[in-house]
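On the provided structure of chain A, position chains B and C as indicated by the hints.
Residue numbers (the working numbering), protein chains in the order written: chain A, 1 to 348; chain B, 349 to 644; chain C, 645 to 1029.
No wet-lab data here; the hints were simulated from the structure.
Worth double-checking, as some hints may not be accurate.
Below, in silico cross-link-like pairs of lysine-lysine (DSS-like), each with a Cα-Cα straight-line distance of 25 Å or less [to be verified]:
(1) A:LYS139 - B:LYS607
(2) A:LYS225 - C:LYS976
(3) A:LYS225 - A:LYS199
(4) A:LYS228 - C:LYS741
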Amino acid sequence: MNTLVDIRRLKKHFPIRGGVLRRPIGAVKAVDGVSLTIKRGQWLGLVGESGCGKTTLAKTVVRLLRPTSGHVYFDIPDAPKAQIEALESADKNSRELASLLKENDLATFSGHRVQLFRRRAQLVHQDPFTSLDPRMKIKNTVAEPLIIHRVLSGQAQQTAVKDLLTRVGLSAGQMERYPHQFSGGQRQRIAIARALATKPEFIAFDEPTSALDVSVQAQILNLLKDLKKEFGLTYLYITHELLIAESVCDYIAVMYLGKVVEMGRPEEIFHTPRHPYAQSLVAATPVPDPARRVGRIVLPGEVPSPANPPPGCTFHPRCSRASKECHELEPPLEPVGGDHYVACFHPL
Amino acid sequence: MTDWKFTARQLVRNPLSLLGIIIIVIFVFIAIFAPLIAPTPESHQQRPYMIPRDGYRAQPEPPSEDHIFGTTQGQYDIFYGVIWGTRSAFRVGLVVIGIVVVIGILLGSLAGYFGGIVDEIIMRITDVFLAFPALILAMAIVAALGPSLNTVIIALTVVSWPSYARLIRGDILQVREEDYIEASRGLGASSARVILRHALPNAIYPTLIMASLDIGAVVLSAAALSFLGLGAPEGYADWGQLTSFARNWIVGPPGDPLKYWYAVTIPGLFILFFVLGWNLLGDAFRDIFDPRLARR
Amino acid sequence: MKDLIRIRDLSVRFYTYEGVVHAIDDLDLDIRQGETLGIVGETGSGKSMTALAILRLVPYPGKIESGSIVFCDRDSGGEVELLKLREDRMRAIRGNKISMVFQEPGAALNPVYTIGDQISEVFLLHRRQELGRRARERVDNLLNDGNGFGAGLKRPFWHWQSRIYDKIAEEPHALEPRLLSHIPLFRRLLWRLKDEASLLTVDMLKDVEIPDAARVAAEYPHELSGGMKQRAVIAMALACSPELLIADEPTTSLDVTIQAQMLELFRRIKADKGASVLFVTHNLGVASEVCDRVAVMYAGRLCEVCTVEELFLHPLHPYTRALLDAVPMPGKELQTIPGALADALNPPPGCRFHPRCPSATPLCQQERPKLKAVAKDHMVACYLF
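The shape of chain A in the complex, shown without the other chains (with noise of 0.2 Å):
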C-alpha cells in the first residue's frame, strides 16, 4: 500500500484579533504540530471531542483552509518529499525549496492546481440540513461539479446524475425535487452523490452521521463501506464516536487539542489503548450493554481552550498519571509496537 496523503508537522492557527487596531493578540492552536499519512484505499478514523481541531484538520488537507505551517502531500512520491526535508533542515537555497514545494506541497499550491487537485479530492459536511443549497433543484447540486470542471455536459451529463444518484440509492425521479423534500439520511446521500461525481480518489468525511437516526446511520455506514469497494476510494472520517470509528476504520488517530495523542488498529484503540486520554475515551462511550456500566472511569474537568493550551502534555491537568516531566515538555508520538503510536510519558 503506497501513501497517498502525507501530512507532516500541519499546524493551523486562527489569529484572535484585538484592541482598536484589530492586532492579532493570540492565537486558537486548532492544529498543532500533527503529522499522520493515509495509506492508499484506507478508511483512516480522526476521533476527538469537540475543539480537538479534528474539523479544522480536515479542511486543511481538502484545502479549504491553508495550513498556518507545515505540509500537505497529495500522491507524492518519497523522493521530492524526502529532498524537501534535506532542504529544510539544511537551511540553504531557498529558491530551489520554493519551486519543489509549488510543485508538490499541497499548502501552496494555488490556481490551477488546486483545481485539479479538487477534482480528486472531496469534503462531505457534517450536516446534510445545511450542506446542501436550499434553492437548488437536487440534479442542479449534484451536476455541479460536472459543470464546475467542465467533465461533462448536456445529455451525458444528465445520465451521470441519474446515475450517481441511483448509486447511493436515490431514485432518478427525485432529480427535480429540492432539498427540503427530503430526509436527513436523503440529504446525506444526495452530499455523497455529489461528492463523488467528479470520481475522487480521496474523500473526507465531517462526521457524516452524527445529525442522523442510528437505524439510517447504519445505512449510510453501509453505503460508504460499498461505495470504497467499489471505487476504491480513501477516506478520512471525522467522528467523535467511538464505536462508529472502531465498527467501520482500518485505522484510528485520536486527537485532543490539536495534537495526535494515539494511533493504532481499532482493535489496538479500544481493547489495550495506551494513552491516558484514549483510555477514558473508551471508558466514557456508553455502549448498549447494562452489564458493561459498572465501574467505569469518569474524566475530571473539561477540554482546555485552544487559544491558551496548558504547556508540556497538554492532557496532564486532567490526567492521573502526570508528572513533573509532563508539566513541562510535550511527548513525542512514538511507537509501542507495530503501528500502535503513542504520545505519552507513562503510556498504560
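Coordinates of chains B and C only, in the frame set by chain A:
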C-alpha cells in the same frame, strides 16, 4: 405542493394582501389603458404627458361634464392628470427601485462576500451618502441638474442605493458562513459562481421585500419633490405636480373652506392608494418569505 | 412500586399545512416512583412530544387530542388529572413538582441574567414559604443576639421584618407581603428573601458538583462551558425537589467525556433525591447507562416497554431488535433496517413498522397490535408474542 402555488395561496388567503394586489392591479390597468380612459386631445398628440388645459384662469373649477374631476390652478384637467400621472408614478417607482436594487446587489455582494478592504471601502462610501438627510440631498441634486422627471429619478436613486447595499451585504455575510457555500468552494467553484448561484439566491429575499415596500415610498418622495416645485416641468402629468398646483387652494375662501376640495383631494387619494397598495403587498411578501413562518 | 404518572390513550396531533400529523397515537405509559424511565426512539417517534405533553407544553400547531395523564402526588398522596387542570394550577406544577431539562443548555438559560439570579428566581416563585421561614429565623436570631446602640435602633424594624416574613411563611400569597412586593423601593424591604434564595442556589449548584459554586452563581451563561451550563440547568430543574425530572436528550450536545460525567450525575440524583426521571434519548448506549426501564417508540406508538436488562438481553419487538443491530459495536457487522422511517402524514395502516418488518404477516397490515405483557415488566406490541 410547489413553492409558487403555496405563495399564491398565502397571498390570496390574507384579506389585506388581497386588497394590496387588487389596488396594484387596478393601477396597472389604469397605466396601461390611459390613452383609452383619458384620450389625448388632437392638439396634444405630440406630447401626451402634458396635461391639456382649458383656459388660463388661476382659480380651480369644480367637476363638470367636460372635466369630471374638475380643473386645478391654471385650468389643467385633473382627470387627465391623475390617469396619465399613474404612468409617471410607475416609471419613477419601478425605475428607481430597479436601478437601486441592481447597484445594491452589485456593491453589497462584493462587500459581503469578499470582506476586508473591499468591504471597508464600499461601506465607508455608503456611510458618506447615509450621512446626508435624504430628501435634502435629493433636492440639492435636482436643483443642480435642473428639474425634470429624469433628474428626480437620478436624485432618488442616489439617495436610496446605500441602504440596499447595506442590506444585501448583511444577508450575504450571513449566508457566506453556510456549509453549502463552503461545499461549493470545496468543489472548486469560482467566487463569481458561488455568489451568483448560491449566495445571492439565498440572500436576496429580504431585499425584494424591502424593494416592494419602497416603491410606494419612492413615489411619495417624488411627489414631495414635485410639491416643492423640484420635479417634472409645469403641466407634466404627475401626482406631485397636481398637489403642488393645489397648494394655494387647500382652504377655500372664508365661509366655504371646502370649496376647492377636489383640487387637493383627488391627486392626494391617488398617491395614498398607490402607496398603500405597495405597502400591503410588501407586508404580504414579508409574511410569506419570512423563514420563521415556516409552512404550517 | 407505585405509579407517579399514568398516561392513558394519549393522542397528540399536529394540524399542519400539509395535513394532520399523528405525533402520538393512543399511548399508554406509566412512570413509577423513584425510577428512571428511558424513552428511546428515532426522529419523529414522538419521544420528545410525550415529554412535552406531560407538562402540557405541546407547541403550536400541535394539540393534545384526547387521553389522560394522571399525576399521583407522592407528598400529598392525591391524584391529579393534568390534562384537565386549570392553567394557573398547571403552572404551579411545572418547574415545581415536574421539571424539565432540555437538549440545548444554552437555550434554556437567559443570557442577560447570572446563573444565580435564574436559579433564585425558581426559589422565589415556588418556594416562598420556605424562604420566609428561613428569613424569619435569621431575623429572630438578630433580635435575640443583637445588643448595643445600633441594634437598639434597628430593633423595631427587625420586629416588623420578623412579622412580615412570618406571614409569608404561613401564607405565601397573603395580602400585605404581596402588595409590598409590587411597590418599587418598598419591595426591597423583603431583601432577605432574595438572600436566602441565593444561599439555597449556591447549595444547589454544589449539589450538581459545580466546583467553586459561589463564583459560578455570579457568572453569566456565556462564561460557562456546555457541560457547566447543563449542570446549572439541572440545578435549576432540581431546585424545588421535583417528583419527576424530565430530561429531553440532556447529553446529546455534550462531548463524550462530559456526557459520562453527566450520566454519573443523573444516577446520583436518582439515588440521593429519590426523584423519578423520564430520560428521553436516541442513544441506546446512554439509555443502557442510566435507565431502569426503557420504552421504545416508533412513529408515535410504543413498541416495547421493559427493564433495561431485558431490552438489551432479550429484545422482542422486531423494531427494537433491528435498532440494536444498527448500533455500531466492536467486532459486529452493521445491520440496517430496510426502507425509511414511516411518513408522518401518511403512516402505514396496522402496525406502523410492518413495511420494514422481516416477519410481517397480513394481519400486521390491517390491525394495530396492542401493547400486552409477555412477562413480568415486559410489554410488547407485536403479533409475534
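Structure-based check of each hint:
1. Taking the CA atoms of LYS139 (chain A) and LYS607 (chain B), the gap is about 68 Å. The hint is violated against a cut of 25 Å.
2. About 14 Å separates the Cα atoms of LYS225 (chain A) and LYS976 (chain C), which keeps this hinted pair within 25 Å; it holds.
3. Taken as a hint, the LYS225 (chain A) and LYS199 (chain A) pair is honoured in the structure, with Cα atoms around 16 Å apart against an allowance of 25 Å.
4. At most 25 Å may separate the alpha-carbon atoms for a hinted pair to count; LYS228 (chain A) and LYS741 (chain C) exceed this at roughly 53 Å.
Violated hints, listed in ascending order, are 1 and 4; each of the other numbered hints is respected by the structure.
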